[in-house]
Amino acid sequence: MRLRTLLRYVLAAFAIAFATWLGLQLRGRSLMTGQATDPRTDPNAVVESSGGLITRTRGQARDMDLQHKGLRTYPDGRTVFQSVVVTVPPRDDRRGFTISGDEAEVTKDSAQVRVNGHVSLTATDGLTMKGGEATYDSTDGIIRIPGAVTFTKGTTTGSSIGATYDNTRDVLWMLARAVIDVPPGQGQSETHMRAGSAGFARAERYIRLQDAASVVHDGQTLAGDSITVFMQPAADIIELVELRGSSSVSMPAPQQLQQMASTDINLAYQPDGRTLRQVTLAEKAAVQFRAQGGGTGRRLDASLIDMQLGADGSTMTGLTAQESARLTVPQAAATPARVISGDTLTGTGQPDRGLTGATFNKNVTFKETRTAGKGQTAMDRTITAETLDLQTRGSLDAIDRATFTGAVSVKDAERTASAPRLVYRTESGDITLSAEGTPLMARIDDTRGSVQARIIHIIGGGDDVVAETDVRSVLQGGSDGPARPGMFKADEPVNVTAATLERKAKMAAYKGDAQIWQGATSIKGDTITLDEDTGNLLAVGKVRTVMELEESDATTGKPQRNVTTGTANELEYQDKARTAILRNTARLVSTRDGDLRGARIEMFLLEGGRELERLEAYEAVTLQTSTRHATGARLTYFTKDGRYVMGGTPVVVLEQFPSECRETTGRRLTFYRASDVISVDGNQSTRTQGRTAGTCPALKPS
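Mapped onto UniProt numbering, the consecutive letters of the sequence shown carry residue numbers 1 to 702.
Hints may contain errors.
Said to hold, decoys possible - The calculated lysine to aspartate or glutamate pairs, modelled on EDC-like cross-linking and capped at a C-alpha distance of 16 Å, are:
| no. | residue 1 | residue 2 |
| --- | --- | --- |
| 1 | 640 | 550 |
| 2 | 558 | 613 |
| 3 | 506 | 463 |
| 4 | 506 | 464 |
| 5 | 576 | 526 |
| 6 | 367 | 397 |
| 7 | 640 | 607 |
| 8 | 489 | 550 |
| 9 | 367 | 306 |
| 10 | 153 | 190 |
| 11 | 504 | 430 |
| 12 | 576 | 607 |
| 13 | 504 | 531 |
Simulated from the structure, these hints should not be mistaken for lab results.
Could you put together the complete structure from these sequences and hints?
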């Protein structure tokens, strides 16, 4: 009995001595334990003891408490504490926390405490983590939790496989299959985060998601190789999100932004943490906008895109796109599909109006296409320029006016055009080409030919054209060109100049010192109107014409060149009838046929329009050649035999002979260009003939 009692005291003394040694190893100032127990609950234990508290200090400050409900010491030197609570008090350089669990072990150097079974960690700010095992290393201040982990902070919950908590930096890392969920409430939006791993730097106010990261936030879906979520300094409300690698963002209806994709994306939020304030996409950036009423909306591509948004998080108030900016707008009803590109794009707007203007710079291409449909024609037009300024109604697909500057070129199925400046009014379709303020000219080329002027208006983007200032037009020759007066050769171009041109429904009206010519043949007038469908022509006001025609010689029958100059107040050419009519003080002067005047002169051309068949002159007609002067009411000239037939009451013909002037009168006289024979028809009583010595008065030079 006495031996057994002695042994019990020895063991108790050993247990107390070991606990004292362990406390010294933990550098605690006090060690509280219960009495040694017998019988032992673990037969493998060398010593067992009841609960107690171990406190470790650093200098004068308490560094850690280990409270337990019992301990066991094993032959290998391990000591296992039961039902433990490890408390690390807060200091200036760290946040305080407690770890509880079924068991705990302390390493021999007392640097680590490993807790097993129903582990729960609670930080002083309310963070709670639960797992099956945790190890606290006092050398680096990190708690490592392998296996399944859950955490709670306020209403935020999460889970992962494996986690570490850096108590010094206040950083939680979720090592695999990270899940973070934030329910709505207290100004926060419902948020769900998923990633291969995640880090929560609580003091620095950010969450980093890595490996197939995703965030669903207030209906927005974010995805990327990694995502960093920055919180507001004083609240768990999202302030900024950075997506890196294969990034994408999906936005809920009815916001204008629908889908965004890029290598990297930054999302800056307004103070509510829900509404976007700014979006920046870098490298292979693409933004898909939502179409009103369904369908596919516009799309913007560039290397870098930066968008400033209004208070609603949807209305764009500023835009920058760099390196190969490209805007794609699908066709909507009669509005054509558009693809606009340039090296850069900048846009400006107002919070209550959206984008009101945008500018594409360098290597600008503006392409429009439209399929034919009810009440609309097909379209395929491309405009290139150095710069494009857009006037918009709130968004890039609502263009009111497009202004192109610098080496502007236009190409569509019907024409090409060029100018230093072009203004396109999309509602009306009107296009204005301008060279004002430059030494250059605006120009259009189509199947009709070409038009150059200082300003050219293409009405409705169609065939109708109005040109202003220094108009120069070339009518294309050949079967593809417009119809032209038969006096011009069909296979050669015809030139036209004027102050202005108005071309509508194949009627071209040239006004202001107008002239149309080909070779030596020309027509001038205040106004020249050409029917490009029929070849008819009307010249009005101070008309002057030069016609290079062919006439068959009455003697030889061979064609001879005859240049005829005409003047009148009006010239009308009817191509089908091959008739040129000069009205109001008409006059024709020919190298072969003399000088013919009358109120109206009609020229009838043979097939082909290059050879004169006959002339008709009406009212107060006069004809003067080198040897003959005739007056009457009407004259007909037949080129085939050089015959003149003149009627009137009376007809008077003065003929110059070598030594006398002979006068012949009658109601109808017939005479010939190459002969001095005159025949008189009608009432012979009206015929008189006289001779006067010398030169006929009418033939004297004035």
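We went through each hint and held it up to the structure:
| no. | hint | verdict |
| --- | --- | --- |
| 1 | 640 / 550 | holds, 11 Å |
| 2 | 558 / 613 | holds, 14 Å |
| 3 | 506 / 463 | holds, 8 Å |
| 4 | 506 / 464 | holds, 8 Å |
| 5 | 576 / 526 | violated, 24 Å |
| 6 | 367 / 397 | holds, 13 Å |
| 7 | 640 / 607 | holds, 14 Å |
| 8 | 489 / 550 | holds, 13 Å |
| 9 | 367 / 306 | violated, 24 Å |
| 10 | 153 / 190 | holds, 15 Å |
| 11 | 504 / 430 | holds, 14 Å |
| 12 | 576 / 607 | holds, 10 Å |
| 13 | 504 / 531 | holds, 10 Å |
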